[in-house]
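Colleague: Protein sequences, first through last, are from chains X and U.
Just so we're aligned: 575 in this note's numbering is position 546 of the first sequence, and the numbers increase by one with no gaps anywhere.
Just so we're aligned: 1161 in this note's numbering is position 232 of the second sequence, and the numbers increase by one with no gaps anywhere.
To be clear, the hints were calculated from the coordinates, so they are not data collected in a lab.
Quantities reported herein were computed from a predicted structural model and do not represent experimental measurements.
Watch out, some of these pointers could steer you wrong.
Restraint ranges, calculated between C-beta atoms of paired labels, are given here [to be verified]:
(1) U:L999 <-> X:P134: 53 to 61 Å
(2) X:P111 <-> U:W1212: 52 to 60 Å
(3) U:L991 <-> X:R467: 58 to 66 Å
(4) X:R469 <-> U:P1192: 45 to 53 Å
(5) U:S1021 <-> X:R47: 46 to 54 Å
(6) U:G1072 <-> X:T37: 54 to 62 Å
(7) U:G1072 <-> X:I510: 54 to 62 Å
(8) X:H457 <-> U:L1063: 33 to 41 Å
(9) X:H182 <-> U:K1101: 48 to 56 Å
(10) U:L1130 <-> X:H182: 17 to 25 Å
For each residue, glycine too, the CB sits at the ideal point set by N, CA and C.
If you want the building blocks of each chain, they are given just below.
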Amino acid sequence: MENALRVTNLSTEIQLSRSTVHPVGNVDLAIDEGETLGLVGESGSGKTLLALSILGLLPNGGHITGGSIRFNGRELVGLSEPDLRRIRGNDIAMIFQDSLSSLNPTKSIGEQVAEPVRLHRGASRREALARAVEVLDMVGLPHPKEHLGDFPHQLSGGMRQRVMIAIALSCEPRVLLADEPTTALDVTIQAQILRLLDDLEQRLGMATLLVTHDMGVVAGRAKRINVMYAGRIVESAPTEELFRAMRHPYTQALLGSIPRLEQDARLPLLSIPGMPPDLTELPSGCRFAARCRYATDQCRAQEPPLTGDDPNHVFSCWNPVDGPVSAQAPVPAPTPARPNIAVVQEARQPAPPADGSSPLLEVVDVVREYPVTSGAILKRQVSSVKAVSNISLDVRAGESFGLVGESGCGKTSLGKLIVGIEQPDHGHIRLNGREVFRLRGGALKRARRDLQMMFQDPYGSLDPRMRVNAILREPMQIQGIGSGREQDERVRTLLDQVGLPLNALERYPHEFSGGQRQRIALARALMLEPKVMVADEPVSALDVSIRSQVLNLMKRLQAEHQMASIVISHDLAVVKYLADRIGVMYLGKIVEVGAAEDVYRRPAHPYTDGLIKTIPVPDPWIERKKTDVAVHGELPSATDPPSGCRFRTRCPRAQAICAEAEPPLQRFGLNHEASCHFPLRQPEPGHQAASATG
Amino acid sequence: MTENAGSTSTAHASTALPGGLYGSPLDGPEGGEVQVISSGWRLAVREFADNRLAVVGLAVLLFFLAFCFLGPLVYHGNATNADVLNANLPPSGAHLLGTDEQGFDELANIMVGGQSAFEIGFFASAVAIVVGTLYGAVAGLVGGFVDGVMMRFVDVLLAIPFLFIVLVLSTKYTGTVVSISLVLGCFSWLIPSRLVRGEVLSLRTRDFVLAARVMGSSRTRIVYRHLIPNALSVTIVNVTFLIADSILVLSYLGFLGFGLQFPATSWGDMLGGAQAYMSNGYWWLVYPVGACLVVVVLAFNLVGDALRDALDVRLRRR
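With the hints as extra help, turn the sequences into a complete structure.
Modeller: This is how it looks when you write it as structure tokens:
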């Protein structure tokens, strides 16, 4: 039978001014109609360029050096540009990752969806627009007729992604290339978009290539998964088999390094040391050898072929492994080599709040609203974005508090309030009972030592014009701590603690990989020995294999330095791994707070429950069982939040009272509180939570 | 270098699996080796060197600098004593580019005029860039009302026809290199201040500036340590254009008769003087000096364009 799309032995290269990159090397894959093929790899593994080469859209200087791409038996390599253009968007369509930059901001979405129809079908404007309405309706854009004239910036991220899908589907393509279609979206929206793609694929019988870095996304959808590393496919197998009995050490380590919700947070995460090779100077042997713990001399000298006993399951490895890591290696106990960690970790078990002992950090009833103004000169305030609304929380010394929520829920604003980059409109933030940010001058400067922050973007948080030495010294210089020699010593100590070589000191930030930069950022935050460190999405910009390295490091150093931390993330698994207690935020409010394990095992708020259910789990059996999208709809606008309970517009349990009265915080156990009128569990009777302010 | 860094992590790893798993390194530091990539500035130099026109421009500038400042040491022409007997001579062996109405050697005069052009160009643009960068950085960082007032002030100044003011001022003050540079500098910092403000507006929300604030850094330190170094590429590019502009404005002034006081001269003065003899066919009074002016300004612009391409990461060709 003819495959809908068959790529054989494809290699590409991109000519740069002084070097040549080989992003794709000898890649084979095949997709049948109505089937989804998963292509998984880290950033820079060549997966996007593979998708682009199928469409003949390689960047400047890029060309295919060998192999063939057959679409329904028709060879695409070497096809003339006009012929390719007839196939692009018509027979083979692509969904891009970033919907904001992929849509034309100056054209209405109706026109953009109609454009391929007019180009490929020769339809009139009216017919094309009619088709646009039809497709937009199919992808679940509510009231498509009314939205035809909207421009991309008027739509939310999830809706824009639906428009992107509509453009791709407008000509009923036979093959759909989806390049990280949900990476930029929140988990609740991601679940909806993935469900939509599933439905469409079944209804239209397309062949789909799902390109992603997230094993959880492909687990429940793809029939087969190809794992790509440094331009090569290293393993290819049917989904269940890949998860149950992977043979390549990279696949094994990649799956093992993903923090899982059900995992024991006291154990370190599996991680892959080092980083992927530079695609301009590839090693002669196996490309993974430098990071592989099974590597032998043969691996370093000779590249393994992509074969296997079963032609359905092929891998390229000289020393294949057998199945996931937990099945063959007993999980080691926490390292006795650093006895202090174990001690501290025990001490950090959530202790019952002893009466009279005051918490280290208290956030009381904090409100932060950003004014929305209109008019260029006389800035009239028309409304305000309610970023943080009456939030109270407290953090004890040495404790790790996790804040989780979707983008736009105000978690970053809260983090900025805590470290004093922003000032609250109302409420108090106290450190050791003292209102730090009401201080002025020298006292404020000294107080800032205790509150440090680690930022999300490893590229933006380090000054590109400063050497690492100057970056790490800066906190001590600003605070006037220590002599030059002492500063130098401390810089070296911390650099060592975050696992970077000493020659890093003389380098500039752009010479480091994302993970290394985040290590530098962590070292900088620790320079002043803060009592509380706020980490805002510390790993969300990093690749999966690097993520676990940084998570392990953060956990270890927090224990060693005995500081409290506030970890902010949209990823519940990350927060649960790092935090002792979790606060779930929704639209400027904390809806549930409690011990990490407790919140995960016994959620009381429907939103928490929905979040847990929507997170894609790298496990095909769990993913396939998910039948319904747990949280529907979109996050309402923070300028005009819903009355009463803010979650009511998306809540499956909402009733009339939810719109009228704001639910009070109720206790569901020791330290476990949630605010919901119809919680999933019975609250403890007679206990109105003491801090029933949020 | 790496043994030191590896020590903690290997101790940590000893009880874990043989190697590789659980965050322990195979060899070397846990965070991986640091690749040595050439620095941003070196990349910029490489990019600049790849641009043929820019290299030509730079060569032309170096040639003119040598010509104007070292030339008089080699070519001893009369540019100071009026010599009416030898006025308006065509080019000859004694006077390579002829003489003008006062009998000054034209070639020697071009050298002297070139000196003032370069001096005023560099000095005026230095004044402009220092004032403009500080003004723009402060406006951008402080923001809000102060920013509004500061930038509206710039808008007002930009709306004033700047050449008139310069003309008025230059009649009041004697035209020395320093005074003209200051006058030019005082009016040409406006555009750089806008550019720097724009750059600072985007820089100040970057995380590294927030990080400095979290550390307790003062605003002054943020301006000097973070904002200005990062806005430097914008200003460096602008300096080259400013120099070119200053040289042009100087020549306007000279042409209109408000230029430098004797014995200093400028190319504009020379062109102004030659105006009367245009119809007499004294081409050597016009073309050589005009060509010098055009070539130098063009060379500065070429270098500026190439610098912008080299320093702006977005335009870089990798």
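Colleague: Quick check: which numbered hints come out false for this structure?
Modeller: As far as the earlier hints go, 4, 7 are violated by this structure, in ascending order.
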